[in-house]
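Enquirer: Based on these hints, arrange chain X on the given structure of chain B.
Protein chains: 2
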Amino acid sequence: MLKNDLLLRTANGEATERPPVWLMRQAGRILPQYRAIREKLSGFKELVETPELACEVTIQPVDELDVDAAIIFSDILVIPEAMGLPYEMIKGKGPLFPKTIETLEDIDQLISGEKAAQDLEYVYAALRLTKQELNNRVPLIGFAGAPFTILCYMIEGSGSKTFSKAKKLIYQHPVWAHRLLDKITETTIVYLKNKVAAGADLIQLFDSWAGVLSYDMFQHFALPYLRKIATALTEVPVTLFAKGAWHSIKSIAESDCNVVGLDWTMIPTDVRKTLGAKQVVQGNLDPCYLYAPAAELKKATLQMIQDFGGSHITNLGHGVYPDTPLDNVKVFVNTVKEFSYQVV
Amino acid sequence: MLKNDLLLRTANGEATERPPVWLMRQAGRILPQYRAIREKLSGFKELVETPELACEVTIQPVDELDVDAAIIFSDILVIPEAMGLPYEMIKGKGPLFPKTIETLEDIDQLISGEKAAQDLEYVYAALRLTKQELNNRVPLIGFAGAPFTILCYMIEGSGSKTFSKAKKLIYQHPVWAHRLLDKITETTIVYLKNKVAAGADLIQLFDSWAGVLSYDMFQHFALPYLRKIATALTEVPVTLFAKGAWHSIKSIAESDCNVVGLDWTMIPTDVRKTLGAKQVVQGNLDPCYLYAPAAELKKATLQMIQDFGGSHITNLGHGVYPDTPLDNVKVFVNTVKEFSYQVV
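Chains B and X are the protein sequences, given in the same order. Numbering-wise, the first sequence is residues 73 to 416 according to the working numbering. Numbering-wise, the second sequence is residues 73 to 416 according to the working numbering.
For the record, the hints were derived by calculation from the structure and aren't laboratory data. Any given hint might turn out to be false.
Identical chains blur together in the list; that is why a pair holds if it fits in one copy or across any two.
Computed cross-link-like contacts, DSS-like style, restricted to lysine-lysine with a CA-CA straight-line distance of at most 30 angstroms [as the list claims (entries may be wrong)]: (1) 237 x 112; (2) 409 x 171; (3) 233 x 165; (4) 402 x 163; (5) 265 x 112; (6) 75 x 187; (7) 402 x 240; (8) 409 x 345; (9) 240 x 371; (10) 112 x 75; (11) 322 x 350; (12) 370 x 237; (13) 233 x 371; (14) 171 x 350; (15) 165 x 203.
Since this is a predicted model, take the numbers as computed values, not measurements.
Just chain B, same shape as in the assembly (with noise of 0.2 angstroms):
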């Protein structure tokens, strides 16, 4: 049994005392204990691909932040790789594919389902150590990639600002995106049911690149693929954290998901008016508020756990930068920590 089981009560609409609190991108640059380790490593895959390295930055926010849930250190790109287009990670640059996809045949070759989730045993080995070090202290995230945001690395071969060549593709080739995103989804269902199996107690799938995307587009090459994802998973709490998907929060939340994860575009109060007082939802503080003075970004804060008033998983609206002050990030999780519903 966990001892705080805060994170899940919340995802699974309960009522509580008060909003549980964790940080996307909390396992990294912030803490020094990680960049400790990452200096002696040849390079982040490494700390991807150990489980044991993987479990120790796992666990490292929970004792220095004590925050209410772990996050196992992956990252999204695991996919691609174990589809068949491997990656690296260029320092100071991000990520890049040498092989990307261009035809049909490309897709076609791509591996796929059972096949492809089964390369990646490092990532459920991570996480079977990880819980069983965390003594249950706090529920433990999975993750993966939406498949949209996992097209857009697969045919971009990196990042980009506009993703033109990816949109380019689904705009001239659509049955073809719509294979490539039927192989990925099919990929992570498998993929997530193995995290759930080795331990994840709450899945959440991050379209990163959803921002890009038209409201219709949205609709029919980002959406159904989440739904379909969120709706495999029923052992599970889901979070699906569409960024920039401003227009469809509410088709989102009408989706099979549990939780929506909202970027700090989104407006608390409006939220509420548009979702309802039960749907539970994450975020959303602007991430560069945690350099401001502590005393503004501690008003800011509660204004935003009040703002949405409960069912509410306090995060950021976006993964925590690297250079935020550590001291500010305890200033954040503090003072969830401190709130009471009660009290306001």
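Expert: Positioned in the frame of chain B, the structure of chain X alone reads:
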């Protein structure tokens, strides 16, 4: 007198026979004529700083595409340069500022107002020459970066995915940020008044990075300066295009502007519900739609025109991407030009 004043009649709120059409970045790499000139030059800045060349590439899309407006070929970064922060344009990478703003002293040392704006004689010369060469065929649009977007470059020194350095300064030193925004605004007003005196028939402000701001931040650090500039420009219509500021289009419309620019994430029918039938808007087809088969592009363009239902300047929701097929740019333009509001 202008032979084609459709853009200005629309911007001024008159009912017109069809929407005018032009494309953001229409003077640029989509045109073979532009690429031919560009190949002969040492770099991008030579084009911006040589009035005869800027004039030539400004008129190219009017000749080739028969659009309803010309927009002076220039760059929003001429303002930081005139204020004392010169920029370089690095091939394949974008702008780079060797010197950036870090302290209050840096801000205080910036040149501003008349003194900075008088340094941009080459821009005014390009406008005068273009106005003469256009011979009143179509209106000439002048533009500037919005103060927040210029602040971003001044602090970051280059593009950024998050503009977290710029936002950090705002969160840590809001008073400095306002002082910097004031100086940029003051300079931009003189600059744009000079552009109008040199022949600009309409002014567009580009708040290209507005999307990184939360609603509150946009309201405090972007909108007031957009409004101040729009109010100061009494002589010509003003378009405010704050990309990504979906939450604030109503307050943009209520500022002193004539036209609200919309990115491609905005849903035309919803925009009409928010802004009413009479607010003139500009946009907003996804630039990637120009990769689609011509028949689909045509259908989407007509749908957008019908959904906006008048008071509409047809454009993309972002600058046209450099690798867009010229034939499809023509399909887009001609679809609008063959349309008539009477036959809907």
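Enquirer: Each of the hints needs a verdict: does it hold here or not?
Expert: Results for each hint:
| no. | hint | verdict |
| --- | --- | --- |
| 1 | 237 x 112 | between (37 angstroms within a copy, 28 angstroms between copies) |
| 2 | 409 x 171 | neither (46 angstroms within a copy, 42 angstroms between copies) |
| 3 | 233 x 165 | both (13 angstroms within a copy, 12 angstroms between copies) |
| 4 | 402 x 163 | within (28 angstroms within a copy, 42 angstroms between copies) |
| 5 | 265 x 112 | neither (33 angstroms within a copy, 58 angstroms between copies) |
| 6 | 75 x 187 | neither (36 angstroms within a copy, 66 angstroms between copies) |
| 7 | 402 x 240 | between (43 angstroms within a copy, 18 angstroms between copies) |
| 8 | 409 x 345 | within (26 angstroms within a copy, 41 angstroms between copies) |
| 9 | 240 x 371 | between (44 angstroms within a copy, 17 angstroms between copies) |
| 10 | 112 x 75 | neither (33 angstroms within a copy, 70 angstroms between copies) |
| 11 | 322 x 350 | both (13 angstroms within a copy, 28 angstroms between copies) |
| 12 | 370 x 237 | between (42 angstroms within a copy, 21 angstroms between copies) |
| 13 | 233 x 371 | between (33 angstroms within a copy, 27 angstroms between copies) |
| 14 | 171 x 350 | neither (45 angstroms within a copy, 50 angstroms between copies) |
| 15 | 165 x 203 | neither (32 angstroms within a copy, 43 angstroms between copies) |
Of the numbered hints listed earlier, those contradicted by the structure are 2, 5, 6, 10, 14 and 15.
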